[in-house]
Every structure is written in C-alpha cells, then in structure tokens.
Amino acid sequence: MNLTKSSTGDEITPLAMAIHKLVNGLPITMRTQNSKGVRIEEGKVIDNNYTGPILEKVLKDGKIYNGTPKEGSYKGIPILAVPLKEKDGITAAIGVIDTTQGIYSDIMQMTKRPEQIKPNNSKGEFY
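By the count of numbering that gives the first Met the number 0, the sequence shown reaches residue 126 at its end, each step adding exactly one.
A portion of the hints provided could be inaccurate.
[Claimed, not checked] In silico DSSO-like links for lysine-lysine, alpha-carbon gap of 30 Å or less: (1) Lys84 x Lys56; (2) Lys74 x Lys62; (3) Lys86 x Lys4; (4) Lys4 x Lys56; (5) Lys43 x Lys74; (6) Lys56 x Lys20; (7) Lys86 x Lys59; (8) Lys20 x Lys43; (9) Lys43 x Lys56; (10) Lys35 x Lys56; (11) Lys69 x Lys4; (12) Lys43 x Lys84; (13) Lys35 x Lys59; (14) Lys43 x Lys62; (15) Lys43 x Lys69; (16) Lys35 x Lys84; (17) Lys59 x Lys69.
[As the list claims (entries may be wrong)] What follows is a set of in silico ranges between Cβ atoms, one per label pair, in the way DEER data are often shown: (18) Asn1 x Thr99: 30 to 36 Å; (19) Ile18 x Asn48: 16 to 22 Å; (20) Lys43 x Gly88: 27 to 33 Å.
Keep in mind the hints are simulated off the structure, nothing from the lab.
A quick note: this is a predicted structure, and the numbers were derived from the prediction, not measured.
Here a beta-carbon is modelled for each residue, glycine too, at the ideal position from N, C-alpha and C.
From just these sequences and the hints, can you work out the full model?
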C-alpha cells in the first residue's frame with residue numbers, strides 16, 4: 000500500500016478496515032491531507048468520501064485529539080484521532096469513535112499493567 004497525501008477513500012480503505020478490526024469493531028474514520036476519506040462501521044464502508052470536523056482539526060493542527068465533538072456525525076461521542084506524519088508534513092488523520100461512550104477508553108486505562116513498584120526503604124523498614 001502506498002499512502003500519499005492524495006490517497007482517496009477507496010485507496011485507504013484496507014488500512015482503515017485493518018484498524019477497525021484491531022479496535023474490536025469500533026467505528027473508524029480516516030482521510031488524507033488532499034482527499035476525503037472513509038468512514039467504517041460494523042465492518043462496512045459507510046462513506047468513501049468522508050470528512051469530519053475532528054479529522055479536519057487534526058490535519059490542520061497536527062496534534063492528537065481526544066475528546067467529544069460538539070458537531071458532525073459523531074457529535075457527543077468520544078473520539079481519539081491522530082495525525083500520520085512524514086518528513087514533508089501531515090499525510091493523513093485517523094479517528095477511532097468510542098461508541099461505548101467512554102467505557103472502552105476507561106477499560107484500556109484500567110487494564111494497563113502497573114509499573115514495577117520499588118520498595119521505599121528510606122524509613123529504615125525491613126525488606
């Protein structure tokens with residue numbers, strides 16, 4: 000797959016579908032810098048000429064977005080969107096829509112492995 004700033008929704012669908020499967024079927028949106036992209040839900044392409052306010056924001060700012068949009072197709076639903084950067088700038092933006100209303104994100108946070116706990120022996124306690 001050759002992902003460019005002008006790749007179309009049809010061209011980026013295989014990558015977006017792979018991400019959709021990786022996140023256990025949560026909706027995915029993806030677009031490139033110069034072309035509208037793809038919106039996937041329940042294993043199907045809903046729109047292959049898609050853009051949304053969060054993808055637009057990520058393409059413009061080049062920063063990760065983690066929040067709940069106030070407009071667009073996923074208004075009121077938590078979204079995590081990231082830019083795909085290369086040497087010559089931002090190539091694309093990918094968004095995962097947390098239709099579990101944040102439960103998915105909470106579970107991911109709760110199931111992180113705790114860091115190695117080092118004993119604090121500075122108080123003269125035995126170990």
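To see whether the hints hold, each was checked on the structure:
no. : hint                      : in the structure
1   : Lys84 x Lys56             : holds (14 Å)
2   : Lys74 x Lys62             : holds (20 Å)
3   : Lys86 x Lys4              : holds (12 Å)
4   : Lys4 x Lys56              : holds (16 Å)
5   : Lys43 x Lys74             : holds (20 Å)
6   : Lys56 x Lys20             : holds (25 Å)
7   : Lys86 x Lys59             : holds (16 Å)
8   : Lys20 x Lys43             : holds (11 Å)
9   : Lys43 x Lys56             : holds (25 Å)
10  : Lys35 x Lys56             : holds (14 Å)
11  : Lys69 x Lys4              : holds (27 Å)
12  : Lys43 x Lys84             : holds (27 Å)
13  : Lys35 x Lys59             : holds (14 Å)
14  : Lys43 x Lys62             : holds (28 Å)
15  : Lys43 x Lys69             : holds (25 Å)
16  : Lys35 x Lys84             : holds (17 Å)
17  : Lys59 x Lys69             : holds (18 Å)
18  : Asn1 x Thr99: 30 to 36 Å  : holds (34 Å)
19  : Ile18 x Asn48: 16 to 22 Å : holds (19 Å)
20  : Lys43 x Gly88: 27 to 33 Å : holds (31 Å)
Violated hints: none; the structure is consistent with every hint.
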